[in-house]
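Protein chains: 2
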Amino acid sequence: MTRSQIRDSAGVALYRHEAIGAVLQVRGEGVDARLCVLTAVRRSAPFAGVPALPSGPVEPGETLEESVLRHLAAKVDVAGLAHLEQLGTSSDPSRDPAQRTIGTSYLGLVSAGEEPELPDNAAWVPVDGVPEMAFDHRVVVEHAVRRLRAKLSYTNVGFALMPAEFTIAELRSVYVAALGHDVAPTNLQRVLTRRGQLESTGEMTSPGAKGGRPARVFRFVDRELVVTDPFAVLRPE
Amino acid sequence: MTRSQIRDSAGVALYRHEAIGAVLQVRGEGVDARLCVLTAVRRSAPFAGVPALPSGPVEPGETLEESVLRHLAAKVDVAGLAHLEQLGTSSDPSRDPAQRTIGTSYLGLVSAGEEPELPDNAAWVPVDGVPEMAFDHRVVVEHAVRRLRAKLSYTNVGFALMPAEFTIAELRSVYVAALGHDVAPTNLQRVLTRRGQLESTGEMTSPGAKGGRPARVFRFVDRELVVTDPFAVLRPE
Chain Z
1 MTRSQIRDSA GVALYRHEAI GAVLQVRGEG VDARLCVLTA VRRSAPFAGV PALPSGPVEP
61 GETLEESVLR HLAAKVDVAG LAHLEQLGTS SDPSRDPAQR TIGTSYLGLV SAGEEPELPD
121 NAAWVPVDGV PEMAFDHRVV VEHAVRRLRA KLSYTNVGFA LMPAEFTIAE LRSVYVAALG
181 HDVAPTNLQR VLTRRGQLES TGEMTSPGAK GGRPARVFRF VDRELVVTDP FAVLRPE
Chain R
1 MTRSQIRDSA GVALYRHEAI GAVLQVRGEG VDARLCVLTA VRRSAPFAGV PALPSGPVEP
61 GETLEESVLR HLAAKVDVAG LAHLEQLGTS SDPSRDPAQR TIGTSYLGLV SAGEEPELPD
121 NAAWVPVDGV PEMAFDHRVV VEHAVRRLRA KLSYTNVGFA LMPAEFTIAE LRSVYVAALG
181 HDVAPTNLQR VLTRRGQLES TGEMTSPGAK GGRPARVFRF VDRELVVTDP FAVLRPE
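If you read the protein sequences in the order shown, they are chains Z and R. Going by the UniProt record's numbering, the first residue of the first sequence is number 1, and it counts up by one from there. Going by the UniProt record's numbering, the first residue of the second sequence is number 1, and it counts up by one from there.
Treat the hints with caution; some may be incorrect.
[Claimed, not checked] Here's a subset of chain Z near chain R, in silico, CB distances under 8 angstroms, partners left out:
1) Ile6
2) Leu14
3) Tyr15
4) Val58
5) Gly88
6) Pro93
7) Asp96
8) Gly196
Worth flagging that the hints you see were computed from the coordinates, not collected in a lab. As the structure is a prediction and not an experimental result, all values here were calculated from the model. The C-beta atom is built at its ideal place from N, Cα and C for all residues, glycine as well.
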């Protein structure tokens, strides 16, 4: 593929740069909970009619983070994003069949139970059943899921998947969906409490509110990202 | 600052994109060991005469990783890089005073004891005494150090800091320099062995080779990156 290369007056090559948002949310309750990603069917070429992640070009005055928030805002209420972080930058010269475009992707998280209004062409899709997607967006989804799973291990990022208050049964359902494997509720409660992430509100759910016995209500101690550093073993003693 | 914005025929804004390499190595022995970063004094504007990380523009046919390796090769023997990974992408519109340039940075690691030949303008500088640097390169160095320290906790990346074979005293000296705090040698040996990273070669050092008693010789089990996942607590039981 030969393309004419645009250079500036100093002879330096110039490229399109786009911001890509992989927004994840655990949707559904109990055993039906699934980790999902927000997709939108593309309306124009290339890949018209194919699902893609919200994305688009960086404008001159904006940073990549501002750019991804702007492109996400066209699909979803970004005020509802509980967390946003950069994933990485893809630079395969042929990743965009039209023009060379360098793409920087972000992981966004929406808390369970939020139901942001979506445009007609947007939908939440379970991450273990992602269809063919435009560009390398399927690889970005895999990266986002891998990053989320890793950070659930060594940070308190679970706060961003959960509503402000929840029961241990609700916490477990979200973690099982996000991690992709079963987790014992007592174990989950013990581990997150030991790491200082989880605390009881002192309240109980109303009997029958969720059809069951009253249950203790919990919250995350922090609602911003903290590395809960488990490697105190290598710290000064 | 107003700049004329170059756009392609479809009206999409175009940018310079550069690759930046933060190459770290633990240099010096015993208590003199220091975590250092490779810097090179810039020969041209902007920031002529100021130390910078090896960096430069991405060329049309290359990926970012190929680009950073090409720019690093001008300063250091890249065959000696034991590990290379992407750190992140900086997009502050004013990070380059000359032209808007989006920059993707990489962490490279050179094993202790390697002594790559450097050009006249290049030098290893301890990371805790980094001088003022060109652009946002000091922030990149901080990012590189933070990433290395985090990964020493949950991966086997220490292999890339060490020669093929070493004693526990040598291992400790490198870890103390890399982590920036003291580590007990027995604790370090126990933790890395328990995580399956470290094994004895069955050999001993020659008496007097390093001026001391013969010591057991160790190596890393793997010499490529493995996540040694300490979070089996949240795994299926």
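Against the structure, the hints:
Proximity of isoleucine 6 of chain Z to chain R holds as hinted, the smallest CB-CB distance being about 6 angstroms (cut-off 8 angstroms). For leucine 14 of chain Z, the interface hint holds, since its Cβ comes within 8 angstroms of a Cβ in chain R; the closest pair sits about 4 angstroms apart. Interface restraint check: tyrosine 15 of chain Z against chain R, minimum CB-CB distance 5 angstroms, threshold 8 angstroms, status holds. Hint status for valine 58 of chain Z relative to chain R: holds, with the closest Cβ pair at about 7 angstroms, below 8 angstroms.
The interface hint given for glycine 88 of chain Z holds, since its Cβ lies 6 angstroms from the closest Cβ of chain R, which is under the 8 angstroms cut-off. Of the supplied interface hints, the one on proline 93 of chain Z holds, with its beta-carbon coming within about 6 angstroms of a beta-carbon of chain R, less than 8 angstroms. For aspartate 96 of chain Z, the interface hint is violated, the least distance from its beta-carbon to any beta-carbon of chain R being 11 angstroms, above 8 angstroms. Checking glycine 196 of chain Z against chain R: minimum C-beta separation of about 15 angstroms lies over 8 angstroms; hint violated.
In summary, the numbered hints that this structure violates are 7 and 8.
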